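Using the sequences and the hints given, assemble the complete structure.
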Amino acid sequence: MDTPIDCAALADLALRFSIRSWAAWAPGLAADTPAVEFLAGTLPDDDGSLPDVDFLPAMLRRRLGRTARMALHVAHLAAPEPGSLPNVFASRHGELRRTTDLLQGLARGELPSPASFSLSVHNASAGIHAIARNDPAPSSAIAAGDESLLWALLDARQRIEQGTTDAVLVVHSDDAIPSQYLPFAPVCNRPFALAIVVEAGDDIALEWRANGGDRVSPASLPISLAGLCAGANRLEWHGERLSITGLRGA
Amino acid sequence: MHALEAAIKELIVDALQLEDVRPEDIETNEPLFGDGLGLDSIDALELGVALKKQFGLTLATNDPAIKDHFRSVGTLARLIASQQDAKVCQ
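Protein sequences appear in the order of chains A and B.
Under my numbering, the first residue of the first sequence is numbered 246, with each subsequent residue one higher.
Under my numbering, the first residue of the second sequence is numbered 378, with each subsequent residue one higher.
Treat the hints as calculated values from the structure; they're not laboratory data.
Computed from a predicted model, the values in this text were never measured in an experiment.
Any given hint could turn out to be false.
[To be verified] Here are the computed distance ranges between Cβ atoms for each label pair: (1) Glu401/B - Ser263/A: 31 to 37 Å; (2) Thr405/B - Glu406/A: 56 to 62 Å; (3) Asp417/B - Arg454/A: 46 to 52 Å; (4) Arg353/A - Thr405/B: 30 to 36 Å; (5) Glu404/B - Pro327/A: 29 to 35 Å; (6) Ser263/A - Arg399/B: 47 to 53 Å.
[As the list claims (entries may be wrong)] Think about it this way: if two alpha-carbon atoms lie no more than 20 Å apart in a straight line, the pair counts; the simulated EDC-like pairs of lysine to aspartate or glutamate are: (7) Lys429/B - Glu355/A; (8) Lys444/B - Glu407/B; (9) Lys430/B - Asp397/B; (10) Lys429/B - Asp402/B; (11) Lys430/B - Asp459/A; (12) Lys444/B - Asp417/B; (13) Lys430/B - Glu355/A; (14) Lys429/B - Asp440/B; (15) Lys430/B - Glu387/B.
Where a beta carbon is used, it is the ideal one built from N, C-alpha and C, also for glycine.
What follows is the structure, encoded as structure tokens:
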């Protein structure tokens, strides 16, 4: 399923941006969680709680699953004001729990739920976000393995460079994957959502290269990057294919 | 017919996960879509599947009268009752 990335071709790429605002959500996460805890991935255990999405009309929020609730919650915290804001919604696994339920129903010979199917697609959160805000701004939905957030940020930065917008809302949300997929679980398999309103600037610099060693970081890229958002000066993240260095104020 | 209408109202609240609506809040003859209860096109599909599961309702998607059948709880109850009567006759 995973197509190998030509890391050599990407080796010289770096990404610079500034953070206009940001927000993170995880079960039990304190608002003043220090940067080191994000970098180490030592967040509270999953208590099954759901983030608040009461800002959405009841008819829009009624069927949302946890991944979408998390995405829309942090998107609203980072960009609460109405108005048009181009956005990128990223997720490694998307609505995997919902898709798994649909597949299990099909295997039992049941008719799939049309409503559940409509919310299982990868841009479902982006769609609900656009409807709720009445915002026709351009929107993408990205899934790119454990680097999904990196490519979402690159997408955002490219759009700013093209001059069509001065800011882009980047949202990444993943729930823990369902038990059926545990043999394929990533090192960091915990619910976490991060939203960043990205603008032009040099606050943050990310550089990446092929992960030459077999070292994989305990925290996912979104959790690690939240550490940079929370004030850490430096981030070293090792994923399944890439290693990323992040610097603040470089 | 009243019991059937009540069962349909309960099904609508359950299947469509209406948070702020109780079955008894739904008027038998109020429109389900648009201005009435405010359901959308995905709800129409979801409701069709739920009615099929619970009442064995069969729907032909090319039936021009389908919009009229889905207008309200009352019209749905009459459709289900007529199909059940037809099955008894067979």
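Structure-based check of all given hints:
no., hint, verdict
1, Glu401/B - Ser263/A: 31 to 37 Å, "violated, 54 Å"
2, Thr405/B - Glu406/A: 56 to 62 Å, "holds, 58 Å"
3, Asp417/B - Arg454/A: 46 to 52 Å, "holds, 48 Å"
4, Arg353/A - Thr405/B: 30 to 36 Å, "holds, 34 Å"
5, Glu404/B - Pro327/A: 29 to 35 Å, "holds, 34 Å"
6, Ser263/A - Arg399/B: 47 to 53 Å, "holds, 49 Å"
7, Lys429/B - Glu355/A, "holds, 11 Å"
8, Lys444/B - Glu407/B, "holds, 14 Å"
9, Lys430/B - Asp397/B, "violated, 24 Å"
10, Lys429/B - Asp402/B, "violated, 23 Å"
11, Lys430/B - Asp459/A, "violated, 51 Å"
12, Lys444/B - Asp417/B, "holds, 13 Å"
13, Lys430/B - Glu355/A, "holds, 9 Å"
14, Lys429/B - Asp440/B, "holds, 16 Å"
15, Lys430/B - Glu387/B, "holds, 14 Å"
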